[in-house]
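Visitor: Residues per chain are reported as follows:
Number of protein chains: 2
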Amino acid sequence: MSKPIRVVQFGVGPIGQDCIRTILAKEATGLIQLVGAIDVDPEKAGKDVTEILGRSGRSGIVVRNDADAVLSDTPADVVLHTTSSFLDTVHHQLVQCVRRGVHVVSSTEELSYPYDRHPELSTELDGLAKHNGVAIVGTGVNPGYAMDSLALIATGVCSDVRELHVERVVDAGKRRLPLQKKVGAGMTIAEFAEQKKTGRFGHIGLRESLLFVAEGLGWSLDRIEENLDPVISDRDVQTPFMTVANGSVAGIHHAIAGYVDGCAILTLDLKMYVGAREPHDAVHVDGSPPIDLVVREGIFGDTATVAALVNAIPLVMKSEPGLHTMMDLPIPRAFATTPTLQKKARAA
Amino acid sequence: MSKPIRVVQFGVGPIGQDCIRTILAKEATGLIQLVGAIDVDPEKAGKDVTEILGRSGRSGIVVRNDADAVLSDTPADVVLHTTSSFLDTVHHQLVQCVRRGVHVVSSTEELSYPYDRHPELSTELDGLAKHNGVAIVGTGVNPGYAMDSLALIATGVCSDVRELHVERVVDAGKRRLPLQKKVGAGMTIAEFAEQKKTGRFGHIGLRESLLFVAEGLGWSLDRIEENLDPVISDRDVQTPFMTVANGSVAGIHHAIAGYVDGCAILTLDLKMYVGAREPHDAVHVDGSPPIDLVVREGIFGDTATVAALVNAIPLVMKSEPGLHTMMDLPIPRAFATTPTLQKKARAA
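Protein chains in written order, with the working numbering: chain A, 1 to 348; chain B, 1 to 348.
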């Protein structure tokens, strides 16, 4: 049996904590092992990860603030990086990892298709990764899967693709509190408008998903149109964390369209709001043959993002050195999941 | 702009002819080009491919019987190989291609997951491919996509997978005549039983699909159970090619299950029959999160198989040398499809 993949968790916020939970649960397979944890928060430094997870006992993996120190004294294969959505914010962290010769899987949304917004940072990262013989990829449920990889994969059995339309409807009321806040649930319409002006509000990565699909299909778009609007609640809706009153903001409707010859041939339509009716993911391919793909009830993002990240670990390790997107990697699949262990865990 | 990928079509039967049609249609993109055609049928030798397609004019590509001669005097990048379902039958053809230093995409069903049935032939092919610096892959709509790659991809956002169940229901009445014959439509129950005994009747590749998914998930199965039964028509059904009478065979129900600890944790259930109700493809993942993926109306096989083959061409060229399965390649996607060209073609 091969040695387990050694993972350092970089970022111990809510997503990072879920990554740690998942990796620890998978350690029984002998395929993966948590070997280090980094977070800039001084409150977390010196604490064992089990303490941060609110569990008893000790894992022996202590969170430290100094990324470079952890990376230099912890032999590791991959960093699982979950600190921010924005590439300019995390760039120096990624450089630290790459310089230490470890592969990186990151939840940074802008990294899922990085060259468009950040050509210089991306070129630099790609060069550094190649120089150090490691691969980097940004992924998650969205961007990374639901509205881009899966959409592209749906065309894999099509000869002609004339148009491609992707929809995702998420009931934010069933998601964790940060997601409910992120989509503006409970805000007034005026507050929503203020937040929107920051340019860092709502779903991050829709433009990345659009450009990813366009590149995958070899399509050159004439024009891109993006719209972010509030979804206004038509009733009072209660979530475990808040009440969204009738007439206030329930969430976002975020849509983007790519045009060729005046036609919106590639559209991504995302609704994330509290109380959403008929949550689902859908890919409609107007092609030969046509494809009408639906994930009924939708892909539940809180667990799916962490899964997408952990599942990308063996795939990034198989890749050529460099900065990649998910379309360069082998097909996504669940990693380190043994039915016997899980059935036992569920029964216990 | 890069040079077009030069393709030799090996096998000019119904599927091969559709491959030629598709490649010729895509030549306008400048991304792909038909450069040669091989078929063992002496009736086809010396004929221009356009004549075989029943078209006027000449493409300049003439079918020849001598594969080695075509491969030696035609500079090519990839062979698109569509001659038989069985690896022992086509093995020498694949060896010819690989020795001439061309990549191979093949519709040979047994090649989609070749090591189980043919470990020695597969090891030899892999070695030859590596020695000659080329890659080989077997694919199509099924095996290759609907019941294996897509099923595996559906788990890409799951942490735990406890069970995975795949269904495909195909209305054979809407497919070409060879497919209707292949599934036994119109046979008596006794004739079906006779055909079944040959071991080369019905759908080829279900075992390959099962083992592909199991390997992708890292699952080791204790036991495999496979069943092939006739679907008996409950009414008279008319297709463009035949009438299936009430009480006669309408097609096949082919199912396979992989067991762990006495549980059928991985099942593939395929129904292909004339008059099938509610054709669809579905992947049900009992996992975290659960995934309930459906392709409504199903993936239409006649066009999808050819598309899957042509779309695999650029992917196999990006792969390391050797004998691969679709899980080693980057994610499938439509190739050489430009919306503008297609809209013009449709309008014309």
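One should not assume that every hint holds.
Copies of the same chain look alike in the list, so a pair counts if it fits in one copy or across any two.
What the hints assert, rightly or not - Below, computed lysine-lysine pairings styled on DSS-like, alpha-carbon distance capped at 30 Å:
#, residue 1, residue 2
1, K182, K197
2, K3, K130
3, K174, K44
4, K318, K182
Hints in this document: simulated from the structure, not taken from any laboratory.
Visitor: Are the hints correct? Go through all of them and say.
Guide: Quick rundown of the hints versus the structure:
1. Only within a single protomer do K182 and K197 lie at most 30 Å apart by alpha-carbon distance; the minimum there is 14 Å, versus 61 Å between protomers.
2. Taking the shortest alpha-carbon separations for K3 and K130, both the intra-copy value of 24 Å and the inter-copy value of 26 Å come in at or below 30 Å.
3. Taking the closest pair of Cα atoms, K174 and K44 come within 30 Å of each other only inside a single copy of the chain (28 Å); across copies the shortest separation is 62 Å, beyond that limit.
4. Proximity of K318 and K182 under a CA criterion of 30 Å is satisfied in neither setting, with 34 Å inside one chain copy and 39 Å between copies.
Comparing the model with each numbered hint stated earlier shows that hint 4 is the single one that does not hold.
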